[in-house]
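> Letter by letter, the chains look like this.
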Amino acid sequence: MTEQTKRTTIVLFSGDYDKAMAAYIIANGAAAYDHEVTIFHTFWGFNALRKEELIPVKKGFLEKMFGKMMPRGADKMGLSKMNFAGMGPKMIKNVMKKHNVLTLPQLIEMAQEQGVKLVACTMTMDLLGLQEKELLDDIDYAGVAAYLADAEEGSVNLFI
Amino acid sequence: MTEQTKRTTIVLFSGDYDKAMAAYIIANGAAAYDHEVTIFHTFWGFNALRKEELIPVKKGFLEKMFGKMMPRGADKMGLSKMNFAGMGPKMIKNVMKKHNVLTLPQLIEMAQEQGVKLVACTMTMDLLGLQEKELLDDIDYAGVAAYLADAEEGSVNLFI
Amino acid sequence: MTEQTKRTTIVLFSGDYDKAMAAYIIANGAAAYDHEVTIFHTFWGFNALRKEELIPVKKGFLEKMFGKMMPRGADKMGLSKMNFAGMGPKMIKNVMKKHNVLTLPQLIEMAQEQGVKLVACTMTMDLLGLQEKELLDDIDYAGVAAYLADAEEGSVNLFI
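Residue numbers (the numbering used here), protein chains in the order written: chain A, 9 to 168; chain B, 9 to 168; chain C, 9 to 168.
The hints are simulated quantities; they were obtained by calculation from the structure and are not laboratory data. The reader is advised that the hints may include incorrect statements.
Unchecked claim - Taking lysine-lysine pairs in the DSS-like style, the calculated list, with each CA pair at most 30 Å apart, reads: (1) A:K125 to B:K14; (2) C:K67 to B:K98; (3) B:K72 to A:K98; (4) B:K76 to A:K84; (5) C:K125 to B:K98; (6) B:K67 to B:K101; (7) B:K125 to A:K14; (8) C:K125 to B:K89; (9) C:K89 to B:K98; (10) B:K89 to C:K76; (11) C:K89 to A:K59; (12) B:K72 to A:K101; (13) B:K14 to B:K125; (14) A:K106 to B:K14.
Go ahead and model the full structure; you've got the sequences and the hints to work with.
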């Protein structure tokens with residue numbers, strides 16, 4: 009690590025709306041302060057990368073079931089606390105609107121505009137049967153080796 | 009980052025008693041080993057900063073509901089696992105007493121005595137409608153930029 | 009921190025199968041890229057270190073209850089999401105088998121073979137009444153001071 013490099017690398021494991029929001033708020037903040045920023049999406053963190061529309065793809069039975077049970081896209085994710093069968097996210101989104109806080113889909117768009125590198129973990133894609141055309145455009149595909157190469161270069165490393 | 013600086017910066021996102029305990033144990037340990045330590049409380053992590061008594065404040069309807077649903081103070085928080093409608097925390101507190109392990113409120117007090125910087129995330133306060141007089145005394149108020157300024161100076165960065 | 013040292017230090021707090029898998033996949037990856045790697049198991053993270061067989065040990069009542077409620081060994085752990093009373097882990101394990109992904113017990117064995125330092129948090133052992141003979145062989149026993157000594161030497165520090 010050189011003194012000049014500022015780098016923030018986040019593993020987004022969680023599929024919760026609030027945790028993904030925290031990840032993307034930190035990522036956008038770090039990008040604004042000239043960090044090179046990577047968000048490595050793994051396991052349930054893929055929820056944030058899924059397209060909202062249903063993309064018809066061929067899958068095995070178990071992969072199809074995972075695909076059905078996981079929310080399609082950032083806007084449909086639940087809260088880690090006080091989810092109340094989906095009422096929690098609605099309440100949070102109402103107060104967010106009132107206080108002009110960006111929603112998760114807006115935070116993701118901003119991150120892409122700011123050049124935050126969004127990475128999809130290829131092992132998870134295999135495991136859950138997710139395919140590239142089901143995910144957002146302009147993202148990278150990589151494994152744990154690529155994650156470590158980014159992470160070891162910087163000091164702000166978070167697992168969310 | 010200079011070789012001399014030892015710094016531990018923790019984002020406390022979780023509102024669970026056991027996770028907050030882990031955060032404060034690491035923070036107190038790091039402070040004892042001369043790290044500069046910051047705990048940045050965000051989202052449900054505010055539970056640890058709330059005063060136990062009910063502070064009357066003016067709020068909108070949604071903010072009032074969040075205030076009611078979130079536990080008031082460290083002693084009322086639940087466990088991330090085996091909470092059993094509040095029986096889990098009682099069991100844990102009993103074994104903690106037996107083994108002379110500090111409780112969460114004691115760990116927070118010790119952190120303040122050791123000079124650990126406790127920060128309340130101002131965006132979360134807006135969002136959940138929390139006000140300064142509902143929170144512990146002698147804490148700082150800041151946003152993601154201040155968090156990053158601390159985090160990028162050190163190597164022990166955790167999201168809990 | 010010297011430029012030469014590459015070190016990954018993970019606090020495994022979670023007792024979930026999927027989160028422990030993520031921890032051990034990162035640890036094995038880092039070890040393969042010549043990092044010195046430590047996984048510090050604390051709180052529910054002990055699930056991954058427990059032997060599968062029932063080891064008869066003398067314990068107090070509360071410690072016995074914790075011992076009963078916590079799963080014995082990596083293979084019995086649940087998922088953080090979509091656990092469905094144990095059906096989720098079975099589904100995940102089926103797709104893992106299909107895609108030749110290593111199971112958690114296999115990942116732990118590989119980590120030990122690669123020289124990843126597995127540490128059991130002594131405070132948690134006291135608290136939950138766990139004893140050395142209930143845990144895997146060839147692991148270390150240490151407290152938060154030893155964790156910090158490892159963590160402050162490296163830049164990839166994760167709390168999982």
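> Confirm or reject each hint.
Verification of the supplied hints:
no., hint, verdict
1, A:K125 to B:K14, "29 Å, holds"
2, C:K67 to B:K98, "19 Å, holds"
3, B:K72 to A:K98, "15 Å, holds"
4, B:K76 to A:K84, "25 Å, holds"
5, C:K125 to B:K98, "33 Å, violated"
6, B:K67 to B:K101, "33 Å, violated"
7, B:K125 to A:K14, "23 Å, holds"
8, C:K125 to B:K89, "26 Å, holds"
9, C:K89 to B:K98, "26 Å, holds"
10, B:K89 to C:K76, "14 Å, holds"
11, C:K89 to A:K59, "20 Å, holds"
12, B:K72 to A:K101, "15 Å, holds"
13, B:K14 to B:K125, "14 Å, holds"
14, A:K106 to B:K14, "40 Å, violated"
The structure fails to meet hints 5, 6 and 14 from the earlier list, while all remaining hints are met.
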